[in-house]
Amino acid sequence: MTDAAELRSLTRKLLAEHPPATTGRTDFLKARFDAGLAWVHYPAGLGGLDAPRSLQAVVDAELTAAGAPDNDPRRIGIGLGMAAPTILRYGTQEQKERFLRPLWVGEEVWCQLFSEPGAGSDLAALGTRAVRDGDSASGDWIVNGQKVWTSSAHVARWAILIARTDPDLPKHRGISYFLCDMTDPGVEVRPLRQITGEAEFNEVFLTDVRIPDAHRLGEIGDGWKVAQTTLMNERVSIGGARLPREGGMIGTVARTWRERPELRTHELRQRLLTLWVEAEVARLTAERLRQQLVAGQPGPEGSGMKLAFARLNQEISGLEVELLGEEGLLYSDWTMRRPELVDFTGRDAGYRYLRAKGNSIEGGTSEVLLNIVAERVLGLPSEPRNDKDVAWKDLAR
Amino acid sequence: MTDASPDLLYSDTEDDLRAAVRSLLTDRADVPAALILAEAGDPYDAELWTSLAAGIGASGLLVPEKLGGQGAGHREAAVVLEELGRAVTAAPYLTSSVVATETLLACDGESTESTDVAGLLTALAHGHRVAVLAVPLSTAPDGPLPAGAGTVTGVADAVRADVLLVVRHDGLYAVETASPGVTVEPLTPLDLTRPLAAVTVDPAAGIRIAEAPAAQAAVRRGLLAGAGLLASEQLGIAEWCLEETVRHTRERKQFNRPIGSFQALKHRMAQLWLEVVSARATARNAADALATGSPEAPLAVALAQAYCGRVAVHAAEECVQLHGGIGMTWEHPAHLYLKRAKSDEIAFGSKGRHQETLAALVDLPGPR
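Chains as they are written, first to last, in full-length UniProt numbering: chain A, 1 to 397; chain B, 1 to 368.
One or more of the hints may lead you astray.
[Unchecked claim] Pulled a few chain A residues facing chain B out of the computed Cβ check, cut under 10 Å:
(1) 245
(2) 247
(3) 263
(4) 272
(5) 304
(6) 337
(7) 372
In short, the hints are calculated from the structure, not lab data.
Every residue, glycine too, gets a C-beta built ideally from N, C-alpha and C.
With these hints in hand, go ahead and build the complete structure from the sequences.
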């Protein structure tokens, strides 16, 4: 077992052999990956050393102190948070060796082709089709369909994709999971402008996109099971950011409150105090969840944190617009842009208020998450369902 | 986790303590009998108290070993209170083993040789005697204290107390309840499991155990511990209400299906679950801050009291509603939790009072 002292010494060796001051950023990141110091809990040879996940902090502290460049995790969040854990769990050795290194280094950005116009909360009803090409010796798949809400599609090199491979089976059983080349000529990315004025998301049209069978992840028909790994990681990463007190949106409002006494009213103050309490409670709840994970007692609280985070962001940003009064009537800029990064807390109060509306929709709506908590955590029975044993092609749509 | 982070988990020792208390409370749980006793004004189970205090040693958790206690702390006492809340037990634990004990420990600071205080602490630790601070249950840690002579109303567990700790202008006094000049007049409480009384004490009665202003500081410390650990009782109440509601709605069938399968109901329970896990983190944070003597303890306690009371009341109200008609009956225990939760919302200061304390601590002033 690799311990903290050994990791520290390996990190210093990396820094000695590739001094950040004289090494190019990408070269340094590649060397770090090859030394097993990218994500220490990953297997040896794939950027890790099979070490406990908690020891990553030891490596990160050494690297930060030495001024080493990082891989800009915000820019490649979908790859790191969703594609990588899924490839690690279900990929072949060839797939892991091909994809994980450029993903982690940031040379290849990933996006996620899951949701469709007709398959949102009911994702398993998706209709994008993948058909085996009879003429192809290698057994290529030909994919046709439309995906939506795809952040980073306009900068992505690869996509994780789920598509229907057998319409005669019930919906959960006829899906397969693919790694899709976004430079294929059949992939068309169109910006999807949202209520903030920007287009952080895209629509992706897939027309006769050719995917080699070697880029299938998991068995044919096992796509739903594989996708669960992706989705669980998405919710953990959305709800799990560690913050200091007043580190989130509440901090912005509290600062305005302190600096601008002329804006204060009694009614706003009661709401502010209640939200301050709830934000601090949510922070402690997330901290307790982290302590459980470190102690090896993972709790089900993770599913709940995204619910709390969504509601609080919406209420706090709404309060902020009201607090600003006359300024709350203004908006920074409606110019249509295609940002590379998702930004929940930036820009002005109006932007934050509008962007926060997505927090209870993206990554599983709050209503679906409440179902998940009720059924998987509390053990309450599910609603009666009439779609479980019906062939996908016979479902109402 | 940095060194400064509070420990929000439960240790193995705390889990063992919880198991012992739960087992005792489960063995002695008899709601119909308890209700009859409670209506008669004496809900206390003497044998249960002996087992909890002397058998498990719960009453001495805050008391150092040299004074006959367990030398444990607030984190452990919080676990006991979670269990007492879960079982809505009538016992003078919060009043005697936490508030009065903490107040006496604060008095003991400069005069460790004070045999009066030390002797009383030993008796409280063993559970042989019960002491309560003669202030209204609604008194916040930074709230106004009784001025001295006259009647103090709303004193919790006074009917069960052997000793009253009485605040006067010139200090804190210990007064034997049985001594002449002491009247304890039972009141009719909303929460039958925590009896209240109006207490009148002759100004000449008792012995002085702390001089002002040390007395004031000691009383405030006792009330701060009480308010902080009340959050754990509230967590226990909420936890029981949620578990019982989930159990009921899984079994109860209407429209040919368990009512817990309807999203209109399950979403309410999932929401409650989120509140309960949040209350747990907040209550643990308060208990840990008190245990470590953190300078942030007043903030942690105010936060816990600004949040956890509402969660317990919400859980109890949902418990009544989602049980339908049965939840409205005297026979079903839901009303005991509702009454305890609603009373606890006022105990040791209201949510609004604690929010103001918090606002002062984190600099969120009102309009000019």
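Hints, one by one, checked against the model:
About 8 Å separates the beta-carbon of residue 245/A from the nearest beta-carbon of chain B, less than 10 Å, and the hint is met. Hint on residue 247/A is violated. Least Cβ distance to chain B is approximately 14 Å, over the 10 Å limit. Interface hint status for residue 263/A: upheld, as the beta-carbon distance to the closest one in chain B is roughly 9 Å, under 10 Å. Given hint, residue 272/A at the interface with chain B, holds; its Cβ is 7 Å from that chain's nearest Cβ, closer than 10 Å.
At about 4 Å, the closest approach between the beta carbon of residue 304/A and any beta carbon in chain B falls short of 10 Å, and the interface hint on this residue holds. Hint status for residue 337/A: violated, given a least beta-carbon distance of 35 Å to chain B, over 10 Å. Interface restraint check for residue 372/A: the shortest CB-CB distance to chain B comes to about 8 Å, inside 10 Å, so the restraint holds.
Checked against the numbered hints given earlier, the structure breaks hints 2 and 6 and satisfies all the rest.
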